[in-house]
Amino acid sequence: MASAIEIDRLAFAWQGDQLTLDIPHWQVEAGETVLLRGPSGSGKSTLLSLLAGINVAKQGSVKLLEQSLSELSGRKRDRFRADHIGYIFQQFNLLPYLSALDNVLLATRFSPKRRQRVTESGQSAEQLAIQYLQRLGLSASQQQQAAANLSVGQQQRVAAARALLGAPELLIADEPTSALDSDRRDDFIKLLLELSEQNNTTVLFVTHDASLGQYFNRHVELSDINQAVGGSSHA
Amino acid sequence: MKYSLKVMMSTALLFLASQNMAFASEKIGWKDLVPEGFTPPPVKPQSYYDQNPEEAEQKFLDAPVVQALDGKKVKIPGYVVQLEGNADAVTEFLLVPYFGACIHVPPPPPNQIIHVKFAEGVPYENTYDAVWVEGTISTQRTDSDLAVTGYSMKADSVTVYQ
Amino acid sequence: MLKLAIKSLANRKTSALLTVIAIAVSVALLLAVERVKEQVQANFANTVSGTDLIVGPRSGDVQLLLASVFHIGALNNSMSWQSYEKLSQNRQVEWSVPISLGDSVSGMPVVATTAGYFQHFKYANQQPLELQSGVWFAESEQAVLGADAAEKLDFRVGDQLIIAHGTGGVSFSEHSGHPIDVVGILNRTGTPVDQSIYVDLKTLEDIHSGETAGEAEEHAHGHTGHDEHADHHHPTSAISAALVGLKSRQMALFMQRDINTADGEPLTALMPGQTLQQLWKTLRVFEQALNGISAIVVIIGLLGMLTILLASLRERSREMAVLRAVGAGPGTLFTLLVTEAVLLTVVVTASGLALLYVLQISLAGLIQQQTGLLFALQWPTTAEWWRMLFVVVAGFLMSLVPAWRAYRQSLADGLTVKI
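Residue numbers (the working numbering), protein chains in the order written: chain A, 1 to 235; chain B, 1 to 162; chain C, 1 to 419.
Keep in mind the hints are simulated off the structure, nothing from the lab.
Using N, Cα and C, we set each Cβ at its ideal position, and we do this for glycine too.
Heads up, some of the hints might be wrong.
When the alpha-carbon atoms are kept at most 27 Å apart in a straight line, the in silico DSS-like pairs for lysine-lysine are as follows [as the list claims (entries may be wrong)]:
{"no.": "1", "chain 1": "C", "residue 1": "Lys247", "chain 2": "A", "residue 2": "Lys76"}
{"no.": "2", "chain 1": "C", "residue 1": "Lys281", "chain 2": "B", "residue 2": "Lys117"}
{"no.": "3", "chain 1": "C", "residue 1": "Lys247", "chain 2": "B", "residue 2": "Lys117"}
{"no.": "4", "chain 1": "C", "residue 1": "Lys247", "chain 2": "B", "residue 2": "Lys31"}
{"no.": "5", "chain 1": "C", "residue 1": "Lys281", "chain 2": "B", "residue 2": "Lys154"}
{"no.": "6", "chain 1": "C", "residue 1": "Lys3", "chain 2": "C", "residue 2": "Lys122"}
Derived contacts from chain C toward chain A, CB cut-off under 7 Å, selection only [stated by the list, open to error]:
{"no.": "7", "residue": "Ser8"}
{"no.": "8", "residue": "Arg91"}
{"no.": "9", "residue": "Thr114"}
{"no.": "10", "residue": "Ala115"}
{"no.": "11", "residue": "Val297"}
{"no.": "12", "residue": "Ala311"}
{"no.": "13", "residue": "Glu315"}
{"no.": "14", "residue": "Arg318"}
{"no.": "15", "residue": "Ala325"}
{"no.": "16", "residue": "Val326"}
{"no.": "17", "residue": "Ala328"}
{"no.": "18", "residue": "Ala412"}
Between beta-carbon pairs, the in silico distance windows are [unchecked claim]:
{"no.": "19", "chain 1": "C", "residue 1": "Leu18", "chain 2": "A", "residue 2": "Pro112", "range": "34 to 42 Å"}
{"no.": "20", "chain 1": "C", "residue 1": "Ser15", "chain 2": "A", "residue 2": "Ala179", "range": "26 to 34 Å"}
{"no.": "21", "chain 1": "C", "residue 1": "Val392", "chain 2": "A", "residue 2": "Arg218", "range": "50 to 58 Å"}
{"no.": "22", "chain 1": "A", "residue 1": "Gln144", "chain 2": "C", "residue 2": "Ser15", "range": "21 to 29 Å"}
{"no.": "23", "chain 1": "C", "residue 1": "Thr307", "chain 2": "A", "residue 2": "Ser61", "range": "31 to 39 Å"}
{"no.": "24", "chain 1": "C", "residue 1": "Val62", "chain 2": "B", "residue 2": "Tyr161", "range": "21 to 29 Å"}
{"no.": "25", "chain 1": "C", "residue 1": "Ala350", "chain 2": "B", "residue 2": "Tyr161", "range": "36 to 44 Å"}
{"no.": "26", "chain 1": "C", "residue 1": "Trp386", "chain 2": "B", "residue 2": "Thr159", "range": "46 to 54 Å"}
{"no.": "27", "chain 1": "A", "residue 1": "Val152", "chain 2": "C", "residue 2": "Thr14", "range": "43 to 51 Å"}
{"no.": "28", "chain 1": "C", "residue 1": "Leu363", "chain 2": "B", "residue 2": "Tyr128", "range": "28 to 36 Å"}
{"no.": "29", "chain 1": "B", "residue 1": "Ala119", "chain 2": "C", "residue 2": "Gln119", "range": "22 to 30 Å"}
{"no.": "30", "chain 1": "A", "residue 1": "Ser61", "chain 2": "C", "residue 2": "Leu400", "range": "32 to 40 Å"}
{"no.": "31", "chain 1": "B", "residue 1": "Tyr128", "chain 2": "C", "residue 2": "Trp95", "range": "30 to 38 Å"}
{"no.": "32", "chain 1": "A", "residue 1": "Asp209", "chain 2": "C", "residue 2": "Val393", "range": "36 to 44 Å"}
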């Protein structure tokens, strides 16, 4: 099975010598769903920014889908992200002046590859986007509404649709349910994982809530893999 | 392939050069408008002419032209004195060798004035300083001794003098 | 990209709208300066044609031109009839037309002249005067009206009018004893001719000497016996100015000098074309000053737009992060901001142009009535397009600052939530 994420001897510091990340080895297989837990300030955001290709590690290697990100230029990393990664923030995922539908379609705007995958399925990007939104519980009129007029829960669902449109190989969700109340949280996670499974998307779900571990294949504590915060090095 | 391209280019250049030569105008100066060997009558001080205006006029009119210039394409620099104009440009003017109506200097005689017609017009901004006028110059013949012989020109282009 | 920029701007409608209005007004001003200059120049340039010299009492060139042809300002002295006669007899002169000014009808200038005016006066491109109705005056106590004068005063051929002394709108000294018959009305020319009322020189003379037409004739007959110049019609003792056409246009420079330096009555001779040239040269200084000021005002307005764009960057950092997350590069964000700014500037410029046209259309009638200047409606001229381009380019250049900031900011922020 191909690895979705492979990290080797990663050492990363924002400034000076103080290492934020020191990960000897970590691997996630394709199709796995991983819950990554760690308190704030433990280097979670840093790890995500490296995985998303926003920042580059000077020491060690970060490979996504067998591609080493440090080998790619800034533009290529942006393209890589567009082609292969779906990203969900904790909140404010959407451009407030675009409709829900248009926000979802942003997914294919910067990635011809994803557009292609969509059309290969026999539908237009718009049709598929509407389908996703429907599955996520948004009515037709809500789909046309400006994102600013939707509730937080609805916005997160739209974000999920956007992250998954065009079947990217990796989904990174950074505390996507922290702003939702507990009822909605569970529904959201179930839907998200259901849609991901359809496309065999690898899911990396970051949260501080350990109780969500039940939904995922693996539960990883950041301190287990990251030596920099003084945690023990368990593979 | 490359050779024939060279041949085409040189032919084109030669053609353009010949066109240029055919339409090239001769650069002339204001002295060229006065026939050689013509000695103007002795110049008396302006005050004399102020007192004898008839003489001044006669002296003024006694300004022969160079017939050989008739029909030639020439290019001459000078200053624009507007006769007719439209909203943005001067369309008919007198081209003179100098600007200003200094009291001590008489106005240029007829063989030092060119009556220019230029339908395209010289933008007003360009007329505050010297210009190059390029076109076909002609000399007027007249029988009457009242009328003035002089130069006129149909201008092809009027450009700012650099 | 364009759609995105449009929607993004629409989202911040209020601040965008205020910016648009402020800058649009300043753009309209920038364009107006050019347009007014063009129109004034066009109107003035078209006013007199085919006249080689204008001769009058000693005064400034521009003053004499403005007073004699444009009826702007006044001449405070006059030219004697003898000087005029001498001038008209000069062998270089082909035709000459005397004119006398100073009276008015309801503020519209009365021009006393001869039949020669109708014959020789031309405007625009050697266009002669034409009558829309009636005939040119043939004798005393008859008048021909310009198109606007007839319209404003509501006169037709056959009506009678009273001439008032002075050029003010209301005169307390009217020549009510001498009603004048309107015998002709001229076609519109788009020049000060339209506002004028033309009468014979003799008419004015008669009115001012306080005699009726009948008495004046008797008086003239009485002189015939012992006057050397008995054949000459001595309509008046002094005139305001004379229009002169020469046999040879090249002689204009010589004649001008000749008249200016002649002994005897001090006179000024000007070449109308040359004088207009000088006028434009003088006005150019004012024009450039106005241009400079209005350009600065536009730039200030654009700086305001720049400030708003910069200020909005902070609150848009989330937007930027979202776009980065879906794969937009910092370059894309740069382009987005530039597109927004240029779009805004284009809208602003178009609004400014529209505003100018609206003003022009609504004020044209008033301007024409008051000054006789016809502000023609036409597509923007090349010069105006250049100005509009200047505004758009300025807006573009200004946008590079926030665009660059956004570029840098997005690189630094990455995907970090910054609330």
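Hint check:
1. C:Lys247 / A:Lys76: Roughly 82 Å between the alpha carbons, so the hint for lysine 247 (chain C) and lysine 76 (chain A) is violated.
2. C:Lys281 / B:Lys117: holds, 22 Å
3. C:Lys247 / B:Lys117: holds, 17 Å
4. C:Lys247 / B:Lys31: holds, 26 Å
5. C:Lys281 / B:Lys154: holds, 26 Å
6. C:Lys3 / C:Lys122: Roughly 57 Å separates the two Cα atoms, so the pair is violated.
7. Ser8: At 6 Å from the nearest chain A Cβ, serine 8 (chain C) passes the 7 Å test, so the hint holds.
8. Arg91: violated, 83 Å
9. Thr114: At about 75 Å, which exceeds the 7 Å cut-off, the nearest Cβ of chain A leaves the hint on threonine 114 (chain C) violated.
10. Ala115: violated, 75 Å
11. Val297: With Cβ-Cβ at 31 Å, over 7 Å, it is violated.
12. Ala311: Given a least distance of 17 Å, the restraint on alanine 311 (chain C) is violated.
13. Glu315: With a closest approach of 10 Å, the glutamate 315 (chain C) hint is violated.
14. Arg318: holds, 5 Å
15. Ala325: Check passed: Cβ of alanine 325 (chain C) comes within 4 Å of chain A, closer than 7 Å.
16. Val326: At about 5 Å, which falls below the 7 Å cut-off, the nearest Cβ of chain A leaves the hint on valine 326 (chain C) intact, so it holds.
17. Ala328: Given a least distance of 6 Å, the restraint on alanine 328 (chain C) holds.
18. Ala412: violated, 10 Å
19. C:Leu18 / A:Pro112: 34 to 42 Å: holds, 40 Å
20. C:Ser15 / A:Ala179: 26 to 34 Å: For alanine 179 (chain A) against serine 15 (chain C), whose Cβ atoms are near 28 Å apart, the range 26 to 34 Å holds.
21. C:Val392 / A:Arg218: 50 to 58 Å: For valine 392 (chain C) and arginine 218 (chain A) the Cβ distance comes to about 56 Å; the hint holds.
22. A:Gln144 / C:Ser15: 21 to 29 Å: holds, 26 Å
23. C:Thr307 / A:Ser61: 31 to 39 Å: violated, 45 Å
24. C:Val62 / B:Tyr161: 21 to 29 Å: At roughly 26 Å between Cβ atoms, tyrosine 161 (chain B) and valine 62 (chain C) fall inside 21 to 29 Å, so the hint holds.
25. C:Ala350 / B:Tyr161: 36 to 44 Å: Since alanine 350 (chain C) and tyrosine 161 (chain B) have Cβ atoms about 40 Å apart, the given range 36 to 44 Å holds.
26. C:Trp386 / B:Thr159: 46 to 54 Å: violated, 20 Å
27. A:Val152 / C:Thr14: 43 to 51 Å: About 25 Å separates the Cβ atoms of valine 152 (chain A) and threonine 14 (chain C), which means 43 to 51 Å is violated.
28. C:Leu363 / B:Tyr128: 28 to 36 Å: Taking Cβ atoms as reference, leucine 363 (chain C) and tyrosine 128 (chain B) lie about 31 Å apart, which means the hint holds.
29. B:Ala119 / C:Gln119: 22 to 30 Å: Because 26 Å falls inside the window, the suggested range holds.
30. A:Ser61 / C:Leu400: 32 to 40 Å: holds, 37 Å
31. B:Tyr128 / C:Trp95: 30 to 38 Å: holds, 31 Å
32. A:Asp209 / C:Val393: 36 to 44 Å: violated, 54 Å
Consistency with the previously given hints fails for numbers 1, 6, 8, 9, 10, 11, 12, 13, 18, 23, 26, 27 and 32, ordered from lowest to highest.
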